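4 protein chains.
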Amino acid sequence: MADTIENEHTGHGYIEHKDQVLKRLRRAEGQVRGVQRMVEEDKYCIDILTQVSAATKALEQVALALLDDHLSHCVTAAAAEGGQVATEKLEEVSAAIARLVR
Amino acid sequence: MADTIENEHTGHGYIEHKDQVLKRLRRAEGQVRGVQRMVEEDKYCIDILTQVSAATKALEQVALALLDDHLSHCVTAAAAEGGQVATEKLEEVSAAIARLVR
Amino acid sequence: MADTIENEHTGHGYIEHKDQVLKRLRRAEGQVRGVQRMVEEDKYCIDILTQVSAATKALEQVALALLDDHLSHCVTAAAAEGGQVATEKLEEVSAAIARLVR
Amino acid sequence: MADTIENEHTGHGYIEHKDQVLKRLRRAEGQVRGVQRMVEEDKYCIDILTQVSAATKALEQVALALLDDHLSHCVTAAAAEGGQVATEKLEEVSAAIARLVR
Chain Y
1 MADTIENEHT GHGYIEHKDQ VLKRLRRAEG QVRGVQRMVE EDKYCIDILT QVSAATKALE
61 QVALALLDDH LSHCVTAAAA EGGQVATEKL EEVSAAIARL VR
Chain L
1 MADTIENEHT GHGYIEHKDQ VLKRLRRAEG QVRGVQRMVE EDKYCIDILT QVSAATKALE
61 QVALALLDDH LSHCVTAAAA EGGQVATEKL EEVSAAIARL VR
Chain W
1 MADTIENEHT GHGYIEHKDQ VLKRLRRAEG QVRGVQRMVE EDKYCIDILT QVSAATKALE
61 QVALALLDDH LSHCVTAAAA EGGQVATEKL EEVSAAIARL VR
Chain E
1 MADTIENEHT GHGYIEHKDQ VLKRLRRAEG QVRGVQRMVE EDKYCIDILT QVSAATKALE
61 QVALALLDDH LSHCVTAAAA EGGQVATEKL EEVSAAIARL VR
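Chains as they are written, first to last, in the numbering used here: chain Y, 1 to 102; chain L, 1 to 102; chain W, 1 to 102; chain E, 1 to 102.
The following block holds chain Y by itself, in its conformation from the complex (with noise of 0.2 Å):
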C-alpha cells in the first residue's frame, strides 16, 4: 500500500521535474546558439567566456536535477530490491557522479 502511494508520488514528482529541466535545456541550448553567434560577430573573448560559463553552469543544474530524480525514483527502488540489482545501481550512480565532479 505504501509502496502504491510512493510511485504515484514518484511519478507525479517526475513529471514536474521534466518540465523544468526541458526548460533548462531550452535556456541551455540558447545560451549556445547565443555563444556562437558572439564568436562569428568577433565579440570580446572575455564577454563570451562568461556566456559560456552561464551555459555550462545551465547544464550542471541539468545533471543535478536529473541525478535528483534518479537517486529518489530509480536508486531507491533498487535500493529496497537489494541484492544485485541494487549493487549495480550504486555503482552506475556513483560512476555517474565521479564523471560530473571531474
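To be clear, the hints were calculated from the coordinates, so they are not data collected in a lab.
Hints are supplied without guarantee of correctness; some may be wrong.
[What the hints assert, rightly or not] Here are the simulated SDA-like cross-link-like pairs (lysine to any residue), alpha carbons at most 25 Å apart as the crow flies:
| id | chain 1 | residue 1 | chain 2 | residue 2 |
| --- | --- | --- | --- | --- |
| 1 | Y | 18 | W | 47 |
| 2 | L | 23 | Y | 101 |
| 3 | L | 43 | E | 99 |
| 4 | E | 57 | L | 27 |
| 5 | W | 57 | L | 53 |
| 6 | W | 43 | Y | 91 |
| 7 | W | 23 | Y | 18 |
| 8 | Y | 18 | L | 95 |
| 9 | Y | 57 | E | 54 |
| 10 | W | 18 | W | 64 |
| 11 | E | 23 | L | 47 |
| 12 | Y | 43 | W | 85 |
| 13 | Y | 57 | E | 99 |
| 14 | W | 57 | L | 43 |
| 15 | E | 57 | L | 84 |
[As the list claims (entries may be wrong)] Here are the computed distance ranges between Cβ atoms for each label pair:
| id | chain 1 | residue 1 | chain 2 | residue 2 | range |
| --- | --- | --- | --- | --- | --- |
| 16 | Y | 47 | W | 102 | 16 to 24 Å |
| 17 | L | 88 | W | 65 | 39 to 47 Å |
| 18 | L | 83 | E | 95 | 31 to 39 Å |
| 19 | E | 37 | W | 101 | 27 to 35 Å |
| 20 | Y | 22 | L | 101 | 15 to 23 Å |
| 21 | E | 26 | Y | 19 | 34 to 42 Å |
| 22 | E | 81 | Y | 26 | 44 to 52 Å |
| 23 | L | 30 | Y | 19 | 46 to 54 Å |
These figures come from a predicted structure and were not determined experimentally.
Don't be surprised by glycine CBs; every beta carbon is placed ideally from N, CA and C.
Since the structure of chain Y is already known, use the hints to place chains L, W and E on it.
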C-alpha cells in the same frame, strides 16, 4: 534477518573503505605540505600548480569514495525505511553532490 | 616591425581557431538538443547524464580554446603596453579563469 | 628602465602574495587533518564531505592565486620578450589552466 546480514556486510565494507580513505587523506596531507615547501623555496609556479592539482584530485577521490559509502549504506537504509527520513537523506546527499560538482 | 609580423600571425591563428570553436559549439548545441529529446522520450537517467556530461565537456573545451586565444592575443598585447591597461586585463582574465574553475 | 620599476613592483607583490598563499595552505593542511580525524572517529559522512569540500575550495583558491601571480609576472615578462619563449610560456599556462578546470 536479511537486514542483519545486510548490516554486517555494510559494517565490514565500511572498515575496508576507511583504511583506503585514510591512506588517501594522508597522501593528500603530504601533498599539501609539499606545496608549502615549494612556495617557501620559490619553486616554479607551474610546478607548484601541478602539485596543487594533484592534491585537489586526491581530495576529490576521497569525496567520491565517502559518497559511495554514504549512498550504499545510509541512503540505502533510509530509502528502505521510506517516509520523511528517506526524503531528508536524499535531499541531504543531493546538496552534498551539488557542493562537489560546483 | 616585429609587432606587425606578430599581429599578422595573430590574425591568422585567430581565424583558424574560430572555425574550430564554431564547429565545437555546433556539436555542443546538437548534444544539448539530443539531451532534450532523451528527456522527452523518458530515456534512462544515466544515459541522459552521460550525454549532459559530454555537452559540458564540449563547452569546457570551447572555453579553454577561447581563453588560449585571449591570453596569446589580448593579454599579451596589453602586457606589452604595460601600465593600468595591463593590470586591468590581467584582473579580467583572472576573474574569467576563476569562473571556469568553480 | 621601465623594466626595473616593473620588476620591483613585481617583487613586492610576489612576497605579499606568498604569505597569503602559505597561510591558505596551512589552513588547507589543517582541514585535511581534520577530515582524517573525522574519518577515524566515524563522524557522519555528510559532515566529512562538507569538510572535504572546504579543503578542496581552499586549494582551488591557492591555485587561482598562484596562477594570478604567474600570469602577471612570468607570462607578462615572457610576452614582452616575444618569440619562442612567449609561445612556450603561453602553452604551459594554458595546460595548467586546463588541469585546473577539469
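Item checked: Pair hint residue 18 (chain Y) and residue 95 (chain L), alpha-carbon separation not exceeding 25 Å -> holds, 20 Å
Margin query: Looking only at beta-carbon atoms, does the pair residue 22 (chain Y), residue 101 (chain L) fall within the given range of 15 to 23 Å?
Written below: Check passed, 21 Å falls within 15 to 23 Å.
Margin query: Would the hint linking residue 23 (chain E) and residue 47 (chain L) be met if the CA-CA limit is 25 Å?
Written below: Holds: residue 23 (chain E) and residue 47 (chain L) sit about 19 Å apart, inside 25 Å.
Check: Between residue 43 (chain W) and residue 91 (chain Y), does the CA-CA distance stay at or below 25 Å?
Finding: holds, 19 Å
Checklist line | Outcome of range test on Cβ distance (residue 30 (chain L), residue 19 (chain Y); 46 to 54 Å) | finding: Hint holds: Cβ distance 49 Å, inside 46 to 54 Å.
Notebook entry, point to check: Between residue 57 (chain Y) and residue 99 (chain E), does the CA-CA distance stay at or below 25 Å?
Noted result: holds, 19 Å
Checklist line | Restraint check for residue 57 (chain Y) with residue 54 (chain E), where alpha carbons must lie at most 25 Å apart | finding: holds, 20 Å
Checklist line | Consistency of beta-carbon spacing, residue 65 (chain W) to residue 88 (chain L), with hint 39 to 47 Å | finding: For residue 88 (chain L) and residue 65 (chain W) the Cβ distance comes to about 43 Å; the hint holds.
Check: Taking the beta carbons of residue 47 (chain Y) and residue 102 (chain W), is their distance inside 16 to 24 Å?
Finding: For residue 47 (chain Y) and residue 102 (chain W) the Cβ distance comes to about 18 Å; the hint holds.
Next item on the list: Below or equal to 25 Å on CA atoms is what counts here, so check residue 57 (chain E) against residue 27 (chain L).
Entry: holds, 18 Å
Check: So does residue 26 (chain E) sit 34 to 42 Å from residue 19 (chain Y), Cβ to Cβ?
Finding: violated, 48 Å
Item checked: Straight-line alpha-carbon gap residue 57 (chain W) to residue 43 (chain L), limit 25 Å -> Answer violated: residue 57 (chain W) to residue 43 (chain L) is near 32 Å, above 25 Å.
The earlier numbered hints that this structure contradicts are 7, 14, 15, 18, 21.
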